[in-house]
Structures are given as C-alpha cells and as structure tokens.
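Colleague: Residue numbers (UniProt numbering), protein chains in the order written: chain A, 1 to 401; chain B, 1 to 318.
Among the hints, a few may not be true.
Said to hold, decoys possible - Facing chain A, from chain B, some residues (calculated, C-beta under 7 Å):
| no. | residue |
| --- | --- |
| 1 | Q156 |
| 2 | D157 |
| 3 | L176 |
| 4 | G260 |
| 5 | G264 |
| 6 | S281 |
| 7 | E284 |
To be verified - Restraint ranges, calculated between C-beta atoms of paired labels, are given here:
| no. | chain 1 | residue 1 | chain 2 | residue 2 | range |
| --- | --- | --- | --- | --- | --- |
| 8 | B | I160 | A | A273 | 31 to 37 Å |
| 9 | B | P210 | A | A69 | 51 to 57 Å |
| 10 | A | A155 | B | P172 | 51 to 57 Å |
| 11 | A | A393 | B | P172 | 57 to 63 Å |
| 12 | A | A399 | B | P53 | 33 to 39 Å |
| 13 | A | D53 | B | L165 | 43 to 49 Å |
| 14 | A | T336 | B | L141 | 48 to 54 Å |
| 15 | A | T285 | B | G73 | 40 to 46 Å |
| 16 | A | E117 | B | G51 | 24 to 30 Å |
| 17 | B | I160 | A | E165 | 34 to 40 Å |
| 18 | B | F50 | A | P303 | 39 to 45 Å |
| 19 | B | P53 | A | D205 | 38 to 44 Å |
| 20 | B | I43 | A | T33 | 38 to 44 Å |
| 21 | B | L137 | A | G283 | 57 to 63 Å |
As the list claims (entries may be wrong) - Within a straight-line C-alpha distance of at most 20 Å, the following computed SDA-like cross-link-like pairs (lysine to any residue) qualify:
| no. | chain 1 | residue 1 | chain 2 | residue 2 |
| --- | --- | --- | --- | --- |
| 22 | B | K253 | B | L91 |
| 23 | B | K56 | B | D81 |
| 24 | A | K372 | B | R132 |
| 25 | B | K151 | A | E190 |
| 26 | B | K56 | A | S83 |
Just so you know, these hints were derived from the structure itself, not from any lab. Built from N, CA and C at the ideal position, the CB exists for glycine as well.
Chain by chain, the residues run as shown.
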Amino acid sequence: MRRTRTAVGAASAAAVVLGLAACSGGARADDATLVVTDTLSDTSAPIYQEVYDACAAEVGMQVQANHVAGSGLIATVLQQASSDTLPDVLMLDNPDVQQIASSGALSPLTDHGITGEGFPQGVVDAGTYDGDLYGVAPVVNTIGLFYDVDALAEAGIEPPTTWDELRAAAEALTTGDRYGIAFSAANTFEGTWQFLPYLWSNGADEDDLTSPEAVEALTFVEGLVADGFASSSVVNWSQNDVNDQFIAGNAAMMVNGPWNMPALEAAEGLDYAAVPLPVPQAGDTLQAPLGGEAFTVPRTQNPDKMAKAGEFVACVTRGEHQLAMATGRGAVPSDTEVAAEAAAANPVVATFVDTVQTARSRTALLGPDWPKAATQIYTAQQLALTGSEPPAAALERAAEN
Amino acid sequence: MTTTLAAGPAPVVAASDTGTDPRRRRARLRERTAQWLFLVPAIGYVLVFFGYPIVKNLVMGSQDYTVRTFVSGEAPWVGLDNYVEVVSSSLFRTTVLNTALFTIGSIVGQFVIGLLFALFFQRRFPLGNVLRSLLLLPWLLPMIAGTAVWKWILDQDGGILNEALGTVGIAPVHWLTSPDVALVAVIMVNVWVGIPFNMTLLYSGLQNIPDELYEAGALDGATGGKAFRHITWPNLRPVVSVVLVLGVIYTLKVLDIILGLTGGGPANATQTLATDSYRRSFQEFSFGTGAAVSNILIVVSLVFAVVYLRANRRAVDE
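Extracted from the complex, chain A is given alone in its bound form:
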C-alpha cells in the first residue's frame, strides 16, 4: 500500500511537469478580426477606438486593440516576433520603425498601396528603411517653447526668437524662487530629443558630434544652467517633470511638446502660450525632431489578413481621421491641409504645425544606428551640464563610447 502511494505520488508529480510543458500558446483571434497593438493611454484609447471601428467596418473586419505601455512595447514586439505571434497592425514610436524594419518583421506599406503621398517629408523619412516605406504616422508632434504669459508681460519682454533673445529672456525671468527656463536634459532619449533642435538648427549633425557647430550648441545650453537661468536639476528631469515644474510656477518658460496641453489647460490660473523654439540667428531655419507613432503591418503567416491590415492602416492614417486623433491627444495632424485646419482652431497648435513642416526624423541619417548616437548625445549633454567636462571635451568623450 505504501509503495502504491509512493508510485502514485511520483507519477502525479511527473504529470504536473508534463502538464506545464504542454501548456503553451494562447488563443489567436479568428480570421475576421484584426489584432492591433498600440501604446495608447486610457485617455487616448477611446478616441482611437472610434477610428479603429470605423476603419474596421470599412474593410469588412472586426478589430481588437491591445494597449501596451510604451516602455514595454519593444520587448513585447521582440518576444512576439520570435514566437511568430505578431499582431496584424502594430503601432511603433517612429524612431523604432527602422530598427524593427531592419529585423525583417515588417512588410513594406507600398505592398498595400500606401506611398506616403501627402505626408511631410519628415514623416515619410521616419517610416522609411532602405528605400521602402514601413510605417506612417497619422498624427505627429515636436517640441516648442511654452511660456507663462503673465510672467513675460510683467518683465516686459516678447517671446524670444533667437538664442540671444532666449538667453536674455531666461535671465530677465529668473527671480528668487523661479528659474527663467526649464527643459529636460536627462540621461535618456528624452534628453537627446530635447537637445536636437539646438544641434540641428545650428547646422550640426548626429554623425559628427565633435563639429564646431555641435560644440556651439552644447555651449549655449550649458550656459543656461551654468549661469543659473535653469535649474541644474534639468539633468534629472523627464519632460513630465519639466511640465510639473512649469505648472508649479518654478519656471517661466519650458521646452516641451503639445501633448502637455490637456494638463496645462487643467492647471488653474495658468495663462500659457507657445512659440517655435528660438534659432541661432534671426533668419535661420528651425530644425526640431519629429515625434509621433507610426502604424505598421507586421509580416504574419496570413497574406489575406496582411492585405486587410494594409487597407486598415491606409484608412486609419487618412486625413479625415487625423483631426479627431490629433485634437484628442494634443498632437498635429500629419496631412498638411488637415494640420492647417487644426492650426486655425488653436493658436498653440498652430505653433507646432509650423515647426512640424521642417521637423526632421531622428533616424533619417543613421537608421538603425540612431540609438548609439542618441546615447552619445545625452551623455555629452550630461557631462557638460553637470560641469564634469567643458562642452568640447564632453562631446569628444561621449563620442569615444
């Protein structure tokens, strides 16, 4: 009897292991349902869902949207790619498109008749890898200079348009318990993203970070912190932190994006406005980085569904749907005409619509090598802004890595 029990126990223990091993894979949606993976927040998801539903109806399919946190998206995508469970439609942050496209996980949108016509060059560049278009962003964003209208009026200054004016304004607006300007120089890609307008507008490029133009750009930003017009905390602030500081009245101006508008509107007693970021000299062209999430069609085993997914992406990114998505999220419609419509409705949006027209894609020059350059840029900025190295030496040291 005892022996029997032993055997039963051992057998069932082994069965548990086998059972665990046998348990794998989840249910896949049926052939009539398009699975969409996106990075929308709870507030933006309902806005997009309406567009998804309309487009799904148009292509004669059902739609099922999965929302993933932006920070975990790449890990999820890679895991799905290796287990062959990619969704039918995938939303990617635009600097990641080339990276994922280079892996071969995406299908060219040109296969589905999407050519990128009518979209600004920056949007097309961001979605293009090796000459093929892989992703299209229906709405985009960039950064600009937000300011406290009352604070500027009190100091009697106009919103700055050049670096000299920006410096002077920051100096004039710095008081005992308030800094003139706030921005993010964190050691993340957010810090890189915020530095790019200075770098690019001054004629420097990410493939030559030790050029005199790059040094000049870093020297300018470093000066704002070194002279006390911006808190030295900028090296640890995310863009959210920057927005909090601005709302709390700890900074009279901030560099940030239009996605903060809902929070800024909700802030009581704050009268804010936004202008394009200042350029080195009057007459220079502003080159800010282009942000926004692109829709892509991953390669799956089902060509019919991929074709439907292509039609779906064409529909979602169409002008008529851009306005709804842009207004809801605080973004700029990609289509130039729709953008003009949005600009007419809101002067703050108008600022970003202008900037987007000349905005540049982060991956246009280096493609999948962009993350390395982005790391060098934020590293150099950190070295300079913390006073560890003078700007020229900081750029050189960062480029060594």
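Based on the hints, put chain B in the right spot on chain A.
Modeller: Just chain B, lined up with the frame of chain A:
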C-alpha cells in the same frame, strides 16, 4: 497504470527460483525510481527557470545578438568580441568602480544601522514590536513608488531634505544632480531599503543567543560593551556572514532603485554594471554586449555565492 507498476512484477518474481535477491533488487530499483520521480519536478524547475536562462545568457554574451535575431533567429558567433568591446569602453572603469562603491557603501550602512536597530529592539519596551514591524515598511513598499518619493525628498530646489538642512544653515545639496553627490544619495536610499532585511535577520540571530551566557558573563564582569564583544558577536557570527554575503549578492544587481532615482546619471555617476547591462540591452538593443556585462556580474556574484556556501558548510560541519 500505477497499480500495474506496483503489482505487475510480483508474479514474475514468484516464478523465479533465485530466491529473494532479485526481488529485493527490484524493490530497491522501484524505490529508487520513485525517488527520482519525486526529484524530477525540482530538477526540471531548476533546469528550466535557472539553468536555461544562465546558459542562454552565457551564449548570448558571445553572439552578435540584435533586434534582427528575434525575427531571423540568426546570431553570429563573435567569441570574445563583446567582452573586448565592453571592457575597453571608457565607461567600464566607471561602472566597476561605481558598483564596488555602491555595494560596499550600502552593505556597511545597512549592516551597521540594522545591527544597532536589532540590539535596540532586544530590549523589551512598550510598542517595541509595533515599531519593529513598522521598520519593515521600506521592504514592503514597491520600489518604484519608494524611489519616486525619495526623488521628491532629495529634489535640490524644493525637496524636503534641503529645506530641513536650510533651517540649520546648510546650503542646498545637489543630491541627484551633482556627479559628486549622486552616488552617495543613491547609496543612502539603498541603505534605507536594506535596513529591514539586516535588522530582521540579526534580530532573530540575537534571539537565539541563550540568556544563560549573559548571566554567566555578568558574574565574570562581562557587561555592556564587553558582553557584546565576547558573547554577542561570536554567537552572532554565522548569521552575520549570511547577512553580509546575501546582502552583497542582492546589492550587486540592484537596478530599480538606480533607474528610479537617477537612471544612471548624472553623467554616468551612478552607472553600475547592472544599469549598464540594462541600458545596452533595452535602450540600445545591443543584447550581445548587454549579456556580456551581465555575465561579468554573474561571475562576481558567483564568487560571493561560493563564499557563502563554504561558510555555511563549515557552520554545519561544526
């Protein structure tokens, strides 16, 4: 099926003429099989959840493992190239030094304060148990929430710590934004997290020291500091070695606290091997070099793990 297994062979044995020997052998075999079957789940678990990831990580450290690998499955073998790249990078010396300082600083702080608390709570006083359980809070708090609060406390412009220092005339300290201070600030927070662990283990160690020893010692004049040196410390040694070695292994791989507070900045001042591995793998998508860094970390942890196991075995032998 199980019935067959248990009863099946019996008639065969009975038919045999060689007597009890094979029967006993079969019985032993059966018992051994049963023993192994019981071990299978544990061995399977260890292989799947510990063995596979470690082997995979070791292999990955010698591969050009990128985003492309996840789709095509191709990861060219590059031998020691990843290690050469990692070790020759100018960042490597900084990360190794930071990892050492972070670990030593955290361990010393956690251990000394934890031990003081443990000794303090040995005395019986009203609400002593309540206070002791309250001290566990840092351990129970989700680390990301904890670091968010600390980030706010340590803020240089309006942070509560600098405000408090200001009232006694100390100029604001740039806790998280000065490369000279950031590592100290991060260590400080890690000490705060580690105190409950040290205190709890040391406290239970203290509880196990028989009161008679102190009574006998007191007769010989060993009280206060002397009692601690000659009675408490020698009897606490086994617990101390466990606490220290586990603490080192735990601290070497701390990631969340640093990511939450400084993200490795400013200017890499708080970049450790663990954060560098994370950065390489999940920000730059260079999984090969990221794995190489974490393999180095695994080897270092392994050294301490061996020390721990040996110390433990000696304790058992004694």
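Colleague: Each hint needs a verdict: does it hold in this structure or not?
Modeller: Tested hints:
Taking 7 Å as the C-beta cut-off, the interface hint given for Q156 of chain B holds, the closest approach to chain A being about 6 Å. Residue-level restraint check for D157 of chain B holds (minimum Cβ-Cβ distance to chain A is 6 Å; threshold 7 Å). Annotation: interface hint on L176 of chain B holds; nearest CB of chain A at approximately 5 Å, less than 7 Å. Here the hint on G260 of chain B is broken, as its CB sits about 11 Å from the closest CB of chain A, past 7 Å.
The interface hint given for G264 of chain B is met, as the beta carbon of that residue sits about 6 Å from the closest beta carbon of chain A, less than 7 Å. Interface hint at S281 of chain B: violated, since its Cβ lies 10 Å from the closest Cβ of chain A, which is beyond the 7 Å cut-off. Proximity of E284 of chain B to chain A holds as hinted, the smallest CB-CB distance being about 5 Å (cut-off 7 Å). At about 33 Å, the CB distance of I160 of chain B to A273 of chain A agrees with the hint of 31 to 37 Å.
For P210 of chain B and A69 of chain A, the Cβ-Cβ distance of about 54 Å falls inside the hinted range of 51 to 57 Å, so the restraint holds. A beta carbon spacing of about 25 Å between A155 of chain A and P172 of chain B contradicts the range 51 to 57 Å that was offered as a hint. The beta-carbon spacing between A393 of chain A and P172 of chain B, approximately 27 Å, falls outside the hinted interval of 57 to 63 Å. Taking the beta carbon of each, A399 of chain A and P53 of chain B are about 35 Å apart, inside 33 to 39 Å as hinted.
For D53 of chain A and L165 of chain B, the Cβ-Cβ distance of about 56 Å falls outside the hinted range of 43 to 49 Å, so the restraint is violated. A beta carbon spacing of about 50 Å between T336 of chain A and L141 of chain B agrees with the range 48 to 54 Å that was offered as a hint. Take T285 of chain A and G73 of chain B: their Cβ atoms lie about 45 Å apart, and the range 40 to 46 Å holds. In this structure, E117 of chain A and G51 of chain B break the distance hint of 24 to 30 Å, their C-beta atoms being roughly 54 Å apart.
For the pair I160 of chain B and E165 of chain A, the beta carbons lie near 37 Å from each other, so the given range of 34 to 40 Å is met. The hinted window of 39 to 45 Å between F50 of chain B and P303 of chain A holds, with their beta carbons roughly 41 Å apart. At about 41 Å, the CB distance of P53 of chain B to D205 of chain A agrees with the hint of 38 to 44 Å. Look at I43 of chain B against T33 of chain A: about 42 Å separates their beta carbons, and that is inside 38 to 44 Å.
Distance hint check for L137 of chain B and G283 of chain A: the Cβ-Cβ separation is about 59 Å, which falls inside the suggested range of 57 to 63 Å. Taking the CA atoms of K253 of chain B and L91 of chain B, the gap is near 18 Å; set against the 20 Å cutoff, the hint holds. With a CA separation close to 17 Å, the supplied pair K56 of chain B and D81 of chain B stays within the 20 Å bound. For a cut-off of 20 Å, the pair hint linking K372 of chain A to R132 of chain B is broken: about 48 Å separates their Cα positions.
Taking the CA atoms of K151 of chain B and E190 of chain A, the gap is near 18 Å; set against the 20 Å cutoff, the hint holds. Straight-line distance between C-alpha atoms of K56 of chain B and S83 of chain A comes to about 17 Å, which keeps the hinted pair within the 20 Å bound.
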